[in-house]
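Enquirer: Spelled out from the first residue to the last, the chains are:
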Amino acid sequence: MIDYTVLYKCELPVEGDWPPEIRWDIFVSAYTAAERVRRVYEKVSAGSKHWLVFPEYGFAAAQYPSDAFTMVARDEAEYVKAFWDGSIGDIGGRALAIDITGFIRPYLIFLLRWLAERGVRRFDALYTEPVIYSDRERTRFSDEVVVEVRQIAGFEGMHNPETSNDYLIIGAGYDHQLIAQVAENKEFSKKIQLFGLPSLRADMYQENVLRAYQAEEAVGRSTADESSSYFAPANDPFVTASILREIVNRLSARKQITNLYLSPLATKPQVLGFALYYLTERRDTATSLIFPFCEAYNQETTMGMSRILKYTVELPAM
Amino acid sequence: MNLIACHGNRFFGAIRSSNGDLMKGTTLNPFNITKAVDFSDQEINDYWVDISSGSGFTGMAKPTSPMPMLILGGKGSGKTHLMRYFSYPLQRIRYGQDVLAGIKKDRYIGVYLRCSSLNSPRFREKGQKEEMWEEVFAYYMELWLSQLMLSTVMSAVGGTSELEDREGDIVKELSDLIHLHQQTPPATLSGINALLRDLQRELDGAVNNSAITRTLPVHIAVTRGDLVFGIPRAIEANVSSLRGCLFLYLMDEFENLSEVQQKYVNTLLRDRKSPCSFKIGARMYGIRTLSTYSADEDNKEGSEFEVLRLDAILRENQNYEEFAKRLIAKRLAEFNRIQSGPAMLDANAKSLSECFEEPAKSEFSASETGYVIKKYSGRERPYFKDLREHLERGLKAKAAPGMRQTTDIEKIVQWLKCPNYPVLEKANIFFLYQDWRSKRNLLEAARKIADECDSYLNGRGKGSRYEEGLLHWKADLLAQLCRDTDQPQRYVGFSTFVEISSGLPRNLLIVLKHIFAWATFNGERPFQGTPISMRSQQAGVSEASEWFYQDAKMIGREGQLVMDGINRLGTLFRGIRFSEKPSECSCSSFSSDVSKSSETARRVLDLAEKWSLLIGVGDQPDRNTDRIDRKYQLNRMLAPRWDLSIYRRGVLALTPRELDAVFDPQHVKEFDKLAETRVARMRAPFFGHAPRVSGDMMGNLTLYGDQDHD
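So the sequences go chain by chain: A and B.
In terms of this note's numbering, the first sequence opens at residue 1 and continues consecutively.
In terms of this note's numbering, the second sequence opens at residue 1 and continues consecutively.
Excised from the complex, chain B in its bound form (with noise of 0.2 Å):
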């Protein structure tokens, strides 16, 4: 056994024997559950994995401090898994029968709600006019906070003695909150609760009603964030053991809001009062408005609110890649009920990467070119084929320089030819194609690139442009190899997921489950013993990358346009990648000055990167002015749909023009031309410039034409 499977077998305890008496033959997934939704509070207790980061998550989130938050990220950023972390039912599983010192510990109390299931959609239209909603909204959402922070503060003081003591305090401070006309005042905090859900239902039937009745009779009980303010004033007061304690509302899903319901939960974290605050969890197109009904004053960054960014933080944190392994191990210890302390699980996670077969190391590529030798055997390799193609129409059409006959073909084939190294005939022919494209005479290129790759196999090519030049497109050569050699391209190895994942753990989790299907399906097994092969690891993330395309169409017509957009962006991306000659190396990213662009295709730029579709990754730096343009990467989890890079070298410079093509629906039509012209700069024979014998339209001008080589 080498010393990979050795490694793996640490995993071998961790997936225990699955073929439970359900599954009959069918092993069970680790990575089946990706979304926090999915998990119990149990699970979210045993799966938690901290960043080593500062003071970790808690240090990011601040649960302790007074000044709400907003928590923007992505889908699977961790939002959820955060913001539910720090709520009661978490505390209750961490603190056990001592809850009540746990919280004092923690200084904080927190309510975890979605706004998802306020279901607020139901709060429009009907006949009534929009002020009438805005109130029955801010209501409605009074006594369900109030709800929510009643049962948590019954279920954490229920049953003490001080609670008895001062439960009578309590419920009058709180009576004479509702204004109950005539109705007896409850006396027990349990039926204070029971009232709010009577008063709750009874608004539930107005509103289902109103469709049908257009009429809306509701009374309003409770004046705006009387009790959502006045309910941990009274406990605060009251109850020793949460004095201190800041009671802190985590409302997620805060996307699900209109613009106007937004407005209300603005106003509350405007004239929020002590002991309470807020952290508000929203994708980051999730946040319409930051109006207020405070005499419409916003709430600003750094005044009423701070941001937490949490996807950028992680994907930017160099502790991310330990974190995710750590996020892993757990996950496969805990899977398999396996105890694991702190030094184990650290071991586990830093012995990850050998579950997955990668490419041998070896000189040149050898190793990992090898098949190209095989599979060519006695046949000339198709990029030799190409290349020969192209020389041919250049020598047609008086564009090949230095060439005279087709013998010259011949010559020049075989100056470039390597046979035991493919990727430096890829090489070679690479640097003939950037010589021909600087119109040098090509024989005499031919000859000097043979020379050089001579010095480099031999050792003498230091600091040479042979070896710069391979340093930086190798990555571009090895890629457009498995293209030319009908290969998958190679998205493999634990490094190149956590790449993938873009800062949010869950695609990492997608990727993991999907690779793990493929293996199970192909017969290995998984984190057993011996590493996942890499045909799995190539369908799982090719199914994952499909996936994630498909889960980004977001609502509405924009989301087609959007797509539309990306689907462009992909296109030109490939078609400069597998160019004779690349413009820009790894190209997944692009810089543009947006302020020139038409306002439909800010917007839609604007919308792609809230849906993280593209990743706002800084600015750059115009090469021939002083302007900074905004750059922006496709995000890495779509790039094996399009077979790029999934690392960020090289950034091509858009026109507005370009960009408007791209993004604008108002001027698609362009972009077939405008893409085409841009990428034939970069194919041979003619690199952008026209023929001169006229009648050769052959070409591969097509940015979706494919290459048959067999």
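Same shape as in the complex, but just chain A (with noise of 0.2 Å):
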């Protein structure tokens, strides 16, 4: 059994050079008109920097790098697919970082399952913490219009007729009507939120639980004898792994879960978490990603840069 807490995270400068030997060959990162990812952009050090361009974020040509990739179809399978034997190909052993920081979570998810599958043991991912919400609770970080729930492509899992003790696990972040529609579409479920303490900063996690207040109608009644709240660091994809397995095993022990359907809404950090106890430890079961698609999301919605941490992330063998 894995151990997640042994995988390598540490942090990088903010300000100031980097030391030379953070290099890589490959660095992909997602185009938002947000600070901390373009001045990252600019700091790495990479044989090619490749810039991915979503169309949910609505940006006009104009706007966005000329030698960035974008594609129209809002297809994460096709979508990485295109751009990945389009500029990269066959990776081969070349050192891999990624800025997870302004992808939207499907493409981050499914890139995950697409790296394994071309043999990419290992790579470094980055996350940039900001200083504030630009709204605080308030944020939109999408246009909330939900134009589907579905499972994301590649995540989709084996499926259990018997559904008596199905469990919906929500990383639960600051759109709230993203949780409300997500717990709507496994209504059968019984659901588990978890929420991102220690958050990202202070303040963070008060303004989350106001925000997820919202959706109690749609996640429903908590069964008196077990806990439907839990928590893992807003930014440790290795811990939020581990705690995913800790509830898991907790309810398995109990009575055997029927079908299992993660969904992570909160930090591109516990996003990674939730990929990675997926691919780790639960391919070939009744266990599916699910995600509510919207048509629109916020090109910014963060100001500053408080540190940028970095995660050495091991795939497993496919």
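Some clues are possibly wrong.
[What the hints assert, rightly or not] Here are the computed lysine-lysine pairs in the DSBU-like style, where the Cα-Cα straight-line distance is at most 30 Å:
no., chain 1, residue 1, chain 2, residue 2
1, A, K255, B, K35
2, B, K396, B, K411
3, B, K610, B, K35
4, B, K448, B, K462
5, A, K81, B, K129
6, B, K398, B, K385
Since the hints were made in silico from the structure, they are not lab data.
Given two chains presented individually in distinct reference frames, assemble the corresponding complex, making use of the accompanying hints.
Expert: Spelled out as structure tokens, the structure:
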């Protein structure tokens, strides 16, 4: 059984140059209007750098770098395949880094499966914490117009016709409408919410809870004899993966879970943790990652750069 | 202790000590669970309440009828509750060890499934053609339904000697339907089920991997319908305990399937074979097509299926309030695990109304409006302040018939006063505005109204304009009075909550859930002897309404269009209700000749109805022509959001242009102007006419402005 917490993470300086040994062959980042995404792109030293522009951000051609990869189709599998086949090809043994900060979650999640299938066993993920969300607990990350709730490609899993003990674990973010929609989609499942605590900044936990409360009716009852809220650090994918394992083991010990749905709606490090847990331990089981797909996302939701974190992610052999 | 408290004591036992070990000082809310999905099978059984109408819900849903049925209803109408009630797990709970005898008595065995658990959006794209996905999905459903049917049957008859004797024949018959390709056929029903499960898992894996591999290697081992109909046929023929029973597929959440996927299920309905039938549960917007793969023919209501429109039936059922009361009484009793026989349940249900404080009945609403006298003691009441302003402006603009000087204003105001009865003052002012709009001499009108008021007060107003008008407009006048005096609107009393729920039991539960929470927060002891305060009821209703509004946001971009339209409609209704001379009383409904509206407006209107934001309430003959227009009411759960009436009385006739302005984004820019033009006709001092004195551009010609009184 993998111990996620031995996986390596460290902090990189926000100001000043990085040590010369911090470099990669390939660097991939998702373009947004956020300072924390653009400055890191400039700081990174890599053999080749690649911007990805996701259609959901709604950038006009004049607004993003001319050499960025973009595609009209809003399909995470098609997008990643087209980018990878066109821009990277055979990665060989090259060192890869991905700035996950600006990624839209389904694209990031599918990319992980894609990398694992391409034989990538290890890569570095960078994440920059903001100083503050621009509108505090009222920050809207998406337009909250959900077009559908579905499994993320490559994470669709097996499914059990017996549904009497289904569970939905939601990584609860700020977008309460998204929480409500995914909870409504899996109305019959018992719900567990995973909050980011410690949060990225001290006040963000309270803001998170305030927002999540607005989805309370959709999330439904909490069972009397088990907690329905758990906590994992907002900036640690590895502890998140461990906590998920702990939650699932605890629930399974009481009664076998018939279908497990995971929905990571919180920070990108937590999203990474969800995906890592699935790929490492839940493939070929009745587990899937589901997501409320929105039409549009806000190009800029944060201010400042608080910390830059680097996670060394190890992917399982497929 | 007053009488109300005594009756309320009935429920003292219904809320036992709730300060359990886990909840130190926190009162558990008996209405926390509002959705059927949150109930276990045992709870569905324990909390079940039938409607006393004909043969109850069984009579409505007809589980023994071979004719397939669509059970349509809004969110919270009780579809899932109803379908689960007919499912085998509930039959098992009802009949215990004698489940086979019970099934024989019921004459059906129910297999319940949720379409959402198929996770059907997986079956598309990923580099494959649509035709391929159609085949794969149909195969997947075959495997899925077959496993559920087999598991149910095995649970019912497993271990019995009659199954043991006949299992070999059944297995042989079913194995012949599965194309095994040199695999050894299973020897038992469990073996068949395990094989089907393996085939399904294999398919899950292929579907999941197709996103990466862009291939979909699938071997279809079962022809469509062979097992779905074949399993029940084989069981019914070989197991005497189930002979003559209907094998009922209860497919819930049909809206989660795409059009193409629904086409497959429609084909099963059309090609239905005995001893099977189907009940399909769906939201009203959830039926995407009636088309089938049988020569692309459509299924037709009355021919291939019948329809049960659940919330419409409940809404119109005169026993709905009684059903609702028994539902709540049962909930309270079960929550605290108190045994209550039918007689006790009925008695508790009847006394529910006493658990909620309501304004005491009094002559001329004196008790209800007494606060106005206290609050404005020594000051002019806000509606008279407004009247003065309107009269001043009207006088200045020469738009106040009969008035010549400013002293006339004071005369009018004094005539209209009736200090002990604020609602009569409001009525007096209202009648003056009516006369003003009709351009009558205001001084004469005010004097006449004063006389009429005096007659009415002294019991001499029977049949008069005054009495008739007051009867007609009282609810609106009281609502205006609340607004004028900065009080929340009064949505109080159990009957009001039943009305607000619009035939959806879940809405009622949510309203009560929020009221209970507020009452507890306010230090009250709900259902424990003292009635819940109006303050807690108002807060709870307001919160429930806000929840409904937020929850109603539909998936997709069109959801936003619908909500925007509803917002405009609510704003228009509010503008009318709180104008000086509303054209319609208790306005929360409209009618329109939708055939002349834009296609987008019609589509958005249709979606709003399908999502239960608007309730279709029949047809309305146009006043001026022979035309019959469609009529809609804003869902009553939304009424508190705009301070509207929950009762359906006056109907606002909207022109096609106005309807477009409300519901079609292409015409939205016209909404403000059209709405203001309409409402202006109801507002003093000009009632829609241009002022004679130029430069008078003041006024409350906006729908959105609030009036400050203090």
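Enquirer: Decide, hint by hint, whether the structure agrees.
Expert: Here is how each hint holds up against the structure:
| no. | hint | verdict |
| --- | --- | --- |
| 1 | A:K255 x B:K35 | 23 Å, holds |
| 2 | B:K396 x B:K411 | 17 Å, holds |
| 3 | B:K610 x B:K35 | 20 Å, holds |
| 4 | B:K448 x B:K462 | 16 Å, holds |
| 5 | A:K81 x B:K129 | 18 Å, holds |
| 6 | B:K398 x B:K385 | 20 Å, holds |
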